[in-house]
Amino acid sequence: MSSHVVPFKTYFMVFLALLLLLALTTGMAYVDLGGFNTVIALAIAFVKMLLVMLFFMHLRQSSALMRTVVVAGFFWLAILIGLTYSDYSTRTWIQPPQSWSNSAPATHP
Amino acid sequence: LAEHAQQAGLAHQFENLEQQQETASLGIWVFLVTEIMFFGGLFASYAIYRYFYYSAFAEGSRILSVFWGSLNTGVLLTSSLTMALSVRAAQLGKRRLLMIFLVLTMLLGTTFLGIKGIEYHDKFVEHVVPGIDFAPEGRVLAEVSPGGLGHAQLYFIFYFAMTGVHAIHMIIGICVLLVILFQARRGKFTTQYFAPVEVAGLYWHFVDIVWIFLFPLLYLVGGRY
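As you go down the protein sequences, you meet chains A and B in turn.
In terms of this note's numbering, the first sequence opens at residue 1 and continues consecutively.
In terms of this note's numbering, the second sequence opens at residue 1 and continues consecutively.
Mixed in with the good hints there might be a few duds.
[As the list claims (entries may be wrong)] Here are a few chain B residues that sit away from chain A, every Cβ distance over 12 angstroms (derived from the structure): (1) 36; (2) 99; (3) 107; (4) 123; (5) 126; (6) 165; (7) 179.
[Claimed, not checked] Here are some chain A residues pointing at chain B (derived, C-beta under 10 angstroms): (8) 15; (9) 18; (10) 19; (11) 23; (12) 32; (13) 41; (14) 42; (15) 57; (16) 63; (17) 66; (18) 70; (19) 88; (20) 94.
[As the list claims (entries may be wrong)] Subject to a maximum C-alpha distance of 25 angstroms in a straight line, what follows is the list of computed SDA-like cross-link-like pairs (lysine to any residue): (21) B:116 <-> A:23; (22) A:9 <-> B:191; (23) A:9 <-> B:157; (24) B:188 <-> A:6; (25) B:116 <-> A:6; (26) B:94 <-> A:54; (27) A:9 <-> B:166; (28) B:94 <-> B:196; (29) A:9 <-> B:160; (30) B:123 <-> B:75; (31) B:123 <-> B:160; (32) B:116 <-> A:24; (33) B:188 <-> B:75; (34) A:9 <-> B:190; (35) A:9 <-> B:62; (36) B:116 <-> A:5; (37) B:123 <-> B:62; (38) B:94 <-> A:20; (39) A:9 <-> B:203; (40) B:116 <-> B:43.
Source of the hints: derived by calculation from the structure; they are not laboratory data.
Each residue gets a CB set at the ideal place from its N, CA and C atoms; glycine is no exception.
Chain A with its partners taken away, still in its complex shape:
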């Protein structure tokens, strides 16, 4: 942190960009894009998050130490969601061998 003061205009422009992205993500819900609806909605949310973190949370002026903590946090979040989701979404890809049929079958939660 520093005593660097961000101009009012910068904050206001970021706010306008956030509102614009909110309008965009809401509008997109009314357009059928197949599987891309969720992808685009999450991409917009990600951009909004970056704007808030870089400008409102001052990460743009923060030290390398602070940024490392933040990136590390998201790295672990990616492991949490990525590994869990890839496990559950691929369980039915390969059937267990016949010889295992006496054991309990894999079930959905």
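Starting from the known structure of chain A, fit chain B onto it as the hints suggest.
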């Protein structure tokens, strides 16, 4: 040492106010990382159940009001702006402006909770609260998938758990800002010492970010076309 003692707000273990501020910001960021993991668990389980019961989740999301949801997102984004401007006012040593922006932020936060209350009330009226006479009228929830009604209840469990935990964070945030407001009124902050305002702001923005993801995931999954 005499010079050290003169600086208002400087605790004795720090070299100077800049180091103290850096430490405070780093501390709250480490806390926010634990919060990311806390909400991350909810988001991960949401992702898995949404994968399994997509149609029930999509149908459930269409019951929510996009109007209230997007309005509330706008309210929260505005509160983030006023919070950022609070910190800026503190940096510039404008006490009155700081207090005005803090009050505005708290008012917007309360507005958010009020709108959330209206939505919760609507959900009770529409019988879409899981476990309490769950029977949405005029919906095809039972037909969307085998056990559709149960899966739709699961969606609403996620809805109430995630928005509920988020709302608790908002209430805590408003309480924190109330403390900051009283400290500001007493003239505790200077252009050099405003770490508590910055720390409270970081927490507030984090809660805003959680909602930035909750809004599309809960309100817009099903699409409205």
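Each hint, compared with the structure:
no.	hint	result
1	36	violated, 5 angstroms
2	99	holds, 17 angstroms
3	107	holds, 17 angstroms
4	123	holds, 19 angstroms
5	126	holds, 20 angstroms
6	165	holds, 16 angstroms
7	179	holds, 20 angstroms
8	15	holds, 4 angstroms
9	18	holds, 5 angstroms
10	19	holds, 6 angstroms
11	23	holds, 8 angstroms
12	32	holds, 4 angstroms
13	41	holds, 4 angstroms
14	42	holds, 7 angstroms
15	57	holds, 5 angstroms
16	63	holds, 7 angstroms
17	66	holds, 6 angstroms
18	70	holds, 6 angstroms
19	88	holds, 5 angstroms
20	94	violated, 18 angstroms
21	B:116 <-> A:23	holds, 20 angstroms
22	A:9 <-> B:191	holds, 20 angstroms
23	A:9 <-> B:157	violated, 41 angstroms
24	B:188 <-> A:6	holds, 22 angstroms
25	B:116 <-> A:6	violated, 32 angstroms
26	B:94 <-> A:54	holds, 24 angstroms
27	A:9 <-> B:166	violated, 30 angstroms
28	B:94 <-> B:196	holds, 15 angstroms
29	A:9 <-> B:160	violated, 37 angstroms
30	B:123 <-> B:75	holds, 21 angstroms
31	B:123 <-> B:160	holds, 10 angstroms
32	B:116 <-> A:24	holds, 22 angstroms
33	B:188 <-> B:75	violated, 29 angstroms
34	A:9 <-> B:190	holds, 23 angstroms
35	A:9 <-> B:62	violated, 38 angstroms
36	B:116 <-> A:5	violated, 34 angstroms
37	B:123 <-> B:62	holds, 12 angstroms
38	B:94 <-> A:20	violated, 30 angstroms
39	A:9 <-> B:203	holds, 23 angstroms
40	B:116 <-> B:43	holds, 20 angstroms
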